[in-house]
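Novice: Given these sequences and hints, build the entire structure.
There are 4 protein chains.
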Amino acid sequence: MSLQNPVFIPGPTNMPLAIRHAIDLPTIDHRGPEFGDILVPARDGVRQVLKSSSAEIFIFPATGTGGWETAITNTLSAGDKVLACRNGMFSHKWIDMCQRHNLDVQVVSAQWGTGLPAAEYEEILKADTDHQIKVVLATHNETATGVRSDIAAVRKALDAAGHPALLFVDGVSSIGSMDFRMDEWGVDVAVTGSQKGFMLPPGLAIIGFSIKAMAMTGSAQLPRTYFDLSDMQDGYSAVAYPYTPPVALLNGLKVACDMLLDEGLENVFARHARIANGVRAAVHAWGMELCAQSPDVYSDSVSAIMTPKGTEIVGLAHKKYGVAFGGGLGDVAGKLFRIGHLGMLTDVLALSGIATAEMVMADLDMPIKLGSGVAAAQEVYRKS
Amino acid sequence: MSLQNPVFIPGPTNMPLAIRHAIDLPTIDHRGPEFGDILVPARDGVRQVLKSSSAEIFIFPATGTGGWETAITNTLSAGDKVLACRNGMFSHKWIDMCQRHNLDVQVVSAQWGTGLPAAEYEEILKADTDHQIKVVLATHNETATGVRSDIAAVRKALDAAGHPALLFVDGVSSIGSMDFRMDEWGVDVAVTGSQKGFMLPPGLAIIGFSIKAMAMTGSAQLPRTYFDLSDMQDGYSAVAYPYTPPVALLNGLKVACDMLLDEGLENVFARHARIANGVRAAVHAWGMELCAQSPDVYSDSVSAIMTPKGTEIVGLAHKKYGVAFGGGLGDVAGKLFRIGHLGMLTDVLALSGIATAEMVMADLDMPIKLGSGVAAAQEVYRKS
Amino acid sequence: MSLQNPVFIPGPTNMPLAIRHAIDLPTIDHRGPEFGDILVPARDGVRQVLKSSSAEIFIFPATGTGGWETAITNTLSAGDKVLACRNGMFSHKWIDMCQRHNLDVQVVSAQWGTGLPAAEYEEILKADTDHQIKVVLATHNETATGVRSDIAAVRKALDAAGHPALLFVDGVSSIGSMDFRMDEWGVDVAVTGSQKGFMLPPGLAIIGFSIKAMAMTGSAQLPRTYFDLSDMQDGYSAVAYPYTPPVALLNGLKVACDMLLDEGLENVFARHARIANGVRAAVHAWGMELCAQSPDVYSDSVSAIMTPKGTEIVGLAHKKYGVAFGGGLGDVAGKLFRIGHLGMLTDVLALSGIATAEMVMADLDMPIKLGSGVAAAQEVYRKS
Amino acid sequence: MSLQNPVFIPGPTNMPLAIRHAIDLPTIDHRGPEFGDILVPARDGVRQVLKSSSAEIFIFPATGTGGWETAITNTLSAGDKVLACRNGMFSHKWIDMCQRHNLDVQVVSAQWGTGLPAAEYEEILKADTDHQIKVVLATHNETATGVRSDIAAVRKALDAAGHPALLFVDGVSSIGSMDFRMDEWGVDVAVTGSQKGFMLPPGLAIIGFSIKAMAMTGSAQLPRTYFDLSDMQDGYSAVAYPYTPPVALLNGLKVACDMLLDEGLENVFARHARIANGVRAAVHAWGMELCAQSPDVYSDSVSAIMTPKGTEIVGLAHKKYGVAFGGGLGDVAGKLFRIGHLGMLTDVLALSGIATAEMVMADLDMPIKLGSGVAAAQEVYRKS
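Those protein sequences? They're chains A, B, C and D, same order as listed. Sequential numbering from 84 applies to the first sequence in the numbering used here. Sequential numbering from 84 applies to the second sequence in the numbering used here. Sequential numbering from 84 applies to the third sequence in the numbering used here. Sequential numbering from 84 applies to the fourth sequence in the numbering used here.
FYI, nobody ran anything at the bench for these hints, they're computed from the structure. There's no promise every hint is true.
Stated by the list, open to error - Capping the alpha-carbon separation at 20 Å, the derived lysine to aspartate or glutamate pairs in EDC-like fashion look like this:
{"no.": "1", "chain 1": "A", "residue 1": "Lys239", "chain 2": "A", "residue 2": "Glu206"}
{"no.": "2", "chain 1": "B", "residue 1": "Lys466", "chain 2": "D", "residue 2": "Asp446"}
{"no.": "3", "chain 1": "C", "residue 1": "Lys403", "chain 2": "A", "residue 2": "Glu346"}
{"no.": "4", "chain 1": "A", "residue 1": "Lys402", "chain 2": "C", "residue 2": "Asp120"}
{"no.": "5", "chain 1": "B", "residue 1": "Lys452", "chain 2": "D", "residue 2": "Glu462"}
{"no.": "6", "chain 1": "B", "residue 1": "Lys164", "chain 2": "B", "residue 2": "Asp187"}
{"no.": "7", "chain 1": "C", "residue 1": "Lys402", "chain 2": "A", "residue 2": "Glu346"}
Specialist: Right, here's the structure in full:
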């Protein structure tokens, strides 16, 4: 496997040099004053990336899964009711976690490849007249299917139902790559990780809590220590951590936020959209279909491309060309392959991924005209 | 704060170049075959460092605190009884975690500065004739007091009492720096982290489970997902993780184990002992006392030095000389300062820490003869 | 300019991670014994890459130009006669250097795009019956035109003429990328640099001297100190340098030689040939011509592609797509652009360069069918 | 040899992290516009460090020796007369170079350990009534003896004699560490390297030419190409190099200048003086003598300490403690050892070097009281 080639998995992403240098930090004293020069701007930067003015930002040495656990264990108690939609592997996993923590999950099943059904949420919420549902879960971007759901619509459903449930959003593979508006959409808990839009290695669970969500932490009975927010708040109030903080990754996060904000969030999103458009144009030129069933749910961070040869494509791309794509997970295992196009990718590198996919598919005797997808993407990249 | 100076906090430690390069790894596909070339030797290496032939090794993106939570949530249920001793900040915190997870903790309080009272453990265990106690907790090295307890003696207490309770050991600041014998001592769960003897940045909770401990996981009712061992085992059986693994840190762990085993564990321990002896000789020359009350409990990874000016020493060392020492925590806050001497330190660098401490204490008008501690340590380092 | 994209200049090349880590070396004592562990294998490795059993290897902190100066100032005296061919910018520059050092250069002019005219050399050497010509210069690979000359044929010309002149070869952009046989071809001085086939940053002039060439150094009268071989030999005999050696780059050179020899020189050359074939197939598909006028002189490290828009292509590729190509130099300025394909490049990255060139040429309204060159290269890369 | 310990050779120095990151730069196009963003500020920064408003700055991929060669070959012709003083190994070597380039060197011999005899220079210059002497050479800081000469006094000698000779100064181990005033002292050529005060790896010869020195280049007949200033000027006028520039080192030089100027040159000099004072206090406490014979010539970048065991000290320090000191060179070989204290050193690290020297001397049965030098240095460092 060549370390020279970029990766096309939907995270962790290719890392820019500035990030790699930021995390190549010698040990400093995490109880000394320099730590504040890292922690404070890192938390502030995340808040801005979330487009929130008031969210409390928590950063755990963990992954997005730890972020999910932080969200539920700090707000809920065994038996509490949660509304969630299963439309892909990652929404499925969050539901599974809730059940293992003895929450009562009302699951809406949607076809993998479709977005969250806001109308169905609205119906259920309207029917929940005694407000048993405490929290609504929503996966902004389903990494397994390349589907971006409409979080604003979920908020509208809550509002239309006049329902007080909180809205918890998994933005792991959207935040920093696609527009996310915590305050405007009334998101109460936003969960993400370091290894996607923030272009860092894995190792950080990054979570934003609204004032309303913070208010729930006092009564939440689910046991927790590692992911306990009050311990973390005590730490933050002393510019410290309740345990050893991952200083270098936090320094990387500070730099990543600076990079995103310096480029401008809207520019970052436009860049992701442009690169994604090129990939989608290639898929179209190949005569293939995305798992995402309509343009309104196309993800700008990952494209899942339907083909029964998905697994072979991933294997051969790795073995013959030293390139990593993503395979199918869960219900869509073996039915697709995925091209990740998030983080610090360029048009030029995206073309190398498209060209590799073409070679692999031709090698597998699929009816692909070499250069066709590349040409379609080139047209997109030339014009934008 | 100069990044040129070594740190003398009791972890995270100064990082060797080979470690820094091992973790400066571009993104690779964590679902591809190369990941196995990292994960498998990393787990094998940890097993050897633990001196175990059969332990199952688990490595979570977390810290030692996450390791504690892994230990208890995978083996116990609410209401289960646990025996523990509070003789420092870190044993205190593990007890607190147990209580927050609704365990019934029988706490033996020992003076901070003393080791675990094996005799008292034995008495309690003998009295527990119906074997209510499921687990005995033991902190091998109390980082807050510089006290190393005798884990073999705790095992003897269990055996003498004929008690079937499992033995869980916090070896965060001992493993990789001081002798640790998982199999010989009958340790059932060993918990450590990446940032101490393994010389890595923080970010990994490293846990070894004995066969007996693994057998408890099936019936354990404490809720868990992030730290769930069965998810992790499923992942490992496919040479993967249930979520995004910290590939670069795992690669660093592989290299760290190679370094420790290539140097030879006994040589590593002897090096730590030699450097620690020098520091202790300096303390003696200064006419000061260690928090650790007798030589049999002296820690080779950290020395806690009694003085009411502990906090000022730490502050001035940082401010005037750019050197980080550790302060007092919990019951000993303000009563001592700590010199960490673990990881990839050298005699030469240890002398710079001792010399700095002398200058700071003189600056604070403490009755210290400049050069006296250095001279005492030099004698130790010259002869060994 | 994105640092994410690979470069397609004909050197310095894209650097592999192992090289970057090898040169990220803290300061060590260049007069201490560790320096020998770097210098000795680095010199040995270079000798093997040159396919010589007996060459003396010299490595100066300089560039290939310094290597040229080393070659002539250590062997010749003012007024000495030298035979050389001008068929590109770099052969021109070496001739110019000889003239500025008061050598008498007999210049054979060949069309840029053709190789060295061995037959003409033979004629001149035969006519030089009193052996006035002391040295014959030959540029193995003209980086400016992408032309590889036949050094074995030059040797045959010398032998056919029974002429005792020494053969000095500029292998800056061939050695480590294309076959080079110092002993078999009877090369007396071979000159190269760190930043091409060795995949290092610029900063090292690397020179091999045959026994015959070494014998000339005693009588050579051209003034020299920095590039003096006897000073350097004195240094090497003490495993040292006459001035401060570039330790980290030398360490990188050691690692680079290991990488080349581990991959196998013939495999390295085959990889370069395959990637070059793909680029040439693309050029053909575009309906364009190489500067190199026939397949026997095609270079495997750089392709120069004829077009009056060469300069604009280079400029727009940089500005719009963040990709660096090479432009025309000297007689071919403005008449071509160059794609470098040497060092640690992959098929996949080469395709991104080809795709970028297509976009740029289309942007400049050149009659290029998008994807056509990519498809031609893909066919090459799929099959090999 | 531990890579953890600092080095105490008089250059190359310990490298700060910012420098190491600045030179860990992927390949960029040295003919593209980004190169100007490196080259221009690097040259400007050097000019400021030299305290010159008008000097032309040249930076060659070479070492200080290459800088000497640049100085003489661009200004002089065979047979030209040069005045120089031999008072150490490095002044000796520059004289030797001049002689090998057929210059007529009038050598003033001074005892090693003394500075340049300005009065003797003045006498000679006054006697040279027909101004045969074209250039006066002066070594600002003799690295071999730890002697700093008074360049202002040399200028005064020239002025007092009313002599038009140019003044060329070797500031390799002074510039960036001790005050250097190119314009005020009327220095015509200043030579330095990257690996001393600039804290970079070796690999750059850095030279400043006054307007008067530039005016000499037209008529200078010594042969040169690699070190030719007119080629380099042509390159610079196009923001380029006549050959492949060492881009990453130049980027490091830019950052190094920023660091020096941000700290403030006077603060940098004061820091060097303070650290040197501590080392000298230690030497005094040991009852030993410096090679430098009086305080007015003490160097702030290196201290040479007289002892017949110099060589053994260097060897044992390396072997037993993994610490690199400098040995004696030339006339003082075996008579001293040297402690380098330049670049990004700290008081704290300096103490580790002093402590190591004490241990080694005690190991060699020299009458050294352990801790005595440390204590003396501590007093210095505490107070300043």
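Novice: All the hints need checking, so say for each whether the structure fits it.
Specialist: A quick look at each hint next to the structure:
A threshold of 20 Å between alpha carbons decides the hint, and for Lys239 of chain A with Glu206 of chain A the separation of about 12 Å falls inside it, so the pair holds. Proposed proximity of Lys466 of chain B and Asp446 of chain D is supported: the alpha carbons are some 9 Å apart, at most 20 Å. Of the supplied pair hints, the one linking Lys403 of chain C and Glu346 of chain A holds, its CA atoms being roughly 17 Å apart against a limit of 20 Å. Restraint check: the Cα-Cα separation between Lys402 of chain A and Asp120 of chain C comes to about 36 Å, which exceeds 20 Å; the hinted pair is violated.
As the CA atoms of Lys452 of chain B and Glu462 of chain D are separated by approximately 11 Å, the hinted pair is consistent with the 20 Å bound. Distance hint between Lys164 of chain B and Asp187 of chain B is fulfilled; the C-alpha atoms sit about 5 Å from each other, no more than 20 Å. Between Lys402 of chain C and Glu346 of chain A, the direct Cα distance comes to roughly 17 Å. Compliance with the 20 Å bound is thereby established for this hinted pair.
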